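J.: Residue numbers (our numbering), protein chains in the order written: chain B, 429 to 684; chain H, 429 to 684.
It is possible that some hints are incorrect.
For identical chains, the list gives no copy identity; a pair is met inside one copy or between any two copies.
Here are the simulated DMTMM-like pairs of lysine to aspartate or glutamate, each with C-alpha atoms no more than 20 Å apart in a straight line [said to hold, decoys possible]:
{"no.": "1", "residue 1": "LYS646", "residue 2": "ASP568"}
{"no.": "2", "residue 1": "LYS632", "residue 2": "ASP512"}
{"no.": "3", "residue 1": "LYS633", "residue 2": "GLU621"}
{"no.": "4", "residue 1": "LYS513", "residue 2": "GLU486"}
{"no.": "5", "residue 1": "LYS607", "residue 2": "GLU621"}
{"no.": "6", "residue 1": "LYS632", "residue 2": "ASP467"}
{"no.": "7", "residue 1": "LYS633", "residue 2": "ASP489"}
Calculated from the structure, these hints are not laboratory results. These numbers come from a predicted model, not from an experiment.
Number of protein chains: 2
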Amino acid sequence: MNQEKLILVVNDDGVTAPGIKALVEAVSHLGRVIVVAPDAPQSGMGHAITIGSPLRLEKVDLFKGIETYQCSGTPADCVKLAIDKVLHRKPDLCVSGINHGSNASINVIYSGTMSAAIEAAIDGIPSVGFSLLDYDFDADFSASKHFVTKVAERVLQHGLPLNSLLNVNIPKLNLNEIKGMKVCRQAYANWVEEFDERRDPRGKKYFWLTGKFESNDKAEDTDEWALANGFVSVVPVQFDLTAHQHIAAITKILID
Amino acid sequence: MNQEKLILVVNDDGVTAPGIKALVEAVSHLGRVIVVAPDAPQSGMGHAITIGSPLRLEKVDLFKGIETYQCSGTPADCVKLAIDKVLHRKPDLCVSGINHGSNASINVIYSGTMSAAIEAAIDGIPSVGFSLLDYDFDADFSASKHFVTKVAERVLQHGLPLNSLLNVNIPKLNLNEIKGMKVCRQAYANWVEEFDERRDPRGKKYFWLTGKFESNDKAEDTDEWALANGFVSVVPVQFDLTAHQHIAAITKILID
Chain B
429 MNQEKLILVV
439 NDDGVTAPGI
449 KALVEAVSHL
459 GRVIVVAPDA
469 PQSGMGHAIT
479 IGSPLRLEKV
489 DLFKGIETYQ
499 CSGTPADCVK
509 LAIDKVLHRK
519 PDLCVSGINH
529 GSNASINVIY
539 SGTMSAAIEA
549 AIDGIPSVGF
559 SLLDYDFDAD
569 FSASKHFVTK
579 VAERVLQHGL
589 PLNSLLNVNI
599 PKLNLNEIKG
609 MKVCRQAYAN
619 WVEEFDERRD
629 PRGKKYFWLT
639 GKFESNDKAE
649 DTDEWALANG
659 FVSVVPVQFD
669 LTAHQHIAAI
679 TKILID
Chain H
429 MNQEKLILVV
439 NDDGVTAPGI
449 KALVEAVSHL
459 GRVIVVAPDA
469 PQSGMGHAIT
479 IGSPLRLEKV
489 DLFKGIETYQ
499 CSGTPADCVK
509 LAIDKVLHRK
519 PDLCVSGINH
529 GSNASINVIY
539 SGTMSAAIEA
549 AIDGIPSVGF
559 SLLDYDFDAD
569 FSASKHFVTK
579 VAERVLQHGL
589 PLNSLLNVNI
599 PKLNLNEIKG
609 MKVCRQAYAN
619 WVEEFDERRD
629 PRGKKYFWLT
639 GKFESNDKAE
649 DTDEWALANG
659 FVSVVPVQFD
669 LTAHQHIAAI
679 TKILID
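One chain only, chain B, in its complex shape (with noise of 0.2 Å):
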């Protein structure tokens, strides 16, 4: 039987956020699309769960024929909420974003994008985070549409390795000047920050949160190689922290 596939839609910039207008605009000839997100931006929310006070769900009314609700947490929580309490199963796909900035590198880790991602591949649904690097309200979608049915297209039909997910960034470039997509590994990089510190009308500090990306890592096999090369980067990501490659090392410094 030839079932209509369920993919559920998140992000984290909010239900009413240009990118996930596009992401749905993307996906939904392939299947039944149900929009689950948050009620407000979310961005830089990392990993976070709601566990000290409850969650609204509300249904709304934004993209035409397609369900459609806002949730007052965070997005790993609206993926949790969603299927509990919306799909009353697992979906055939996650896909979320498409983020208003760049996650490629360090960035994954302080996503909400990806978070929402990695929480739906947790719970072994096939899972994607899109993200355009641009971080205009206006941002042109048209190219990363054009990837993101590619790539759900794909997962739909073949799945993912066990345990994994996907990082996909799109350059701020138009399709006729990107290269293709890249399969490449997360660079190594950090933010360096420097926060602006500032008093209020009181008199007391307060601090803004600013900084700036450093990446030494120079490699060719990288996602920011990749986008910075007009490629489309895609990351193969995994939520085992494991470094497994230490196990021997720590083994010595700590016990032996």
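With chain B's structure known, arrange chain H on it following the hints.
T.: Frame of chain B; chain H shown alone:
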């Protein structure tokens, strides 16, 4: 020159939690200790960072002779702010915890305790997260303190492999019942959610996150096995999330 070691202490249960007091006591003889911790509980914050609102940082007098600050942000924010605005240099060691409850297996993904330790490790700081398998406010941290001191001493002496940190979980046992430390891998597992659906006084639905931990990973090289068998589990953790082993398979699925 034998300069005094600088040790940053952080947690996710908040600066007033008994677990961070135990952690301070366990490392205070090893160097100059500075505490920068959340001003309120931040459990389940994953690797959240605060982008959309400013942060507060206040000096408090909680631990005799130890410079201590409370921060309005997440555990990862605390580390970033500590390095930029309090320490003005990278510490020689960052310790996070002692968490009230397990951060073994997949819990590492949701853990604020581990996100603080990961944040420090991304910055190149030798870093360890500690958790006791006891959620009680009145938990007995005496055995934990023994292992904290031992691990902190070894890490200060030997450092850790590049781009890695440690996730240390301690079973709820007396010191003489613990068989020792075991370096192991993160067990595969997930939480199966069952949201508790209620109605507020106005009749509107809301949901509390509840769930049960499920693991089918029965191998004897995992943290869950170690903890169930009386060992302290030590998992070397990495923040390169690339599933390197799947790069060829994904290339085949998406591109070839």
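J.: Now, for every hint given, state plainly whether the structure supports it.
T.: How the hints compare with the structure:
Taking CA atoms no more than 20 Å apart as the test, LYS646 paired with ASP568 passes in neither setting, with 29 Å inside one copy and 48 Å between copies. Only between protomers do LYS632 and ASP512 lie at most 20 Å apart by alpha-carbon distance; the minimum there is 18 Å, versus 45 Å within a single protomer. In this homomeric assembly, LYS633 and GLU621 come within 20 Å of each other (Cα to Cα) only inside a single copy, at 17 Å, whereas the closest approach across copies is 41 Å. In the homo-oligomer, the alpha carbons of LYS513 and GLU486 lie at most 20 Å apart inside one protomer (12 Å), although the nearest pairing across protomers, at 41 Å, exceeds that limit.
In this homomeric assembly, LYS607 and GLU621 never come within 20 Å of each other (Cα to Cα): the closest approach is 33 Å inside a single copy and 42 Å across copies. Taking identical chains as interchangeable, the C-alpha atoms of LYS632 and ASP467 lie at most 20 Å apart only when they sit on different chains, with a minimum of 17 Å there against 32 Å within one chain. In this homomeric assembly, LYS633 and ASP489 come within 20 Å of each other (Cα to Cα) only across copies, at 19 Å, whereas the closest approach inside a single copy is 43 Å.
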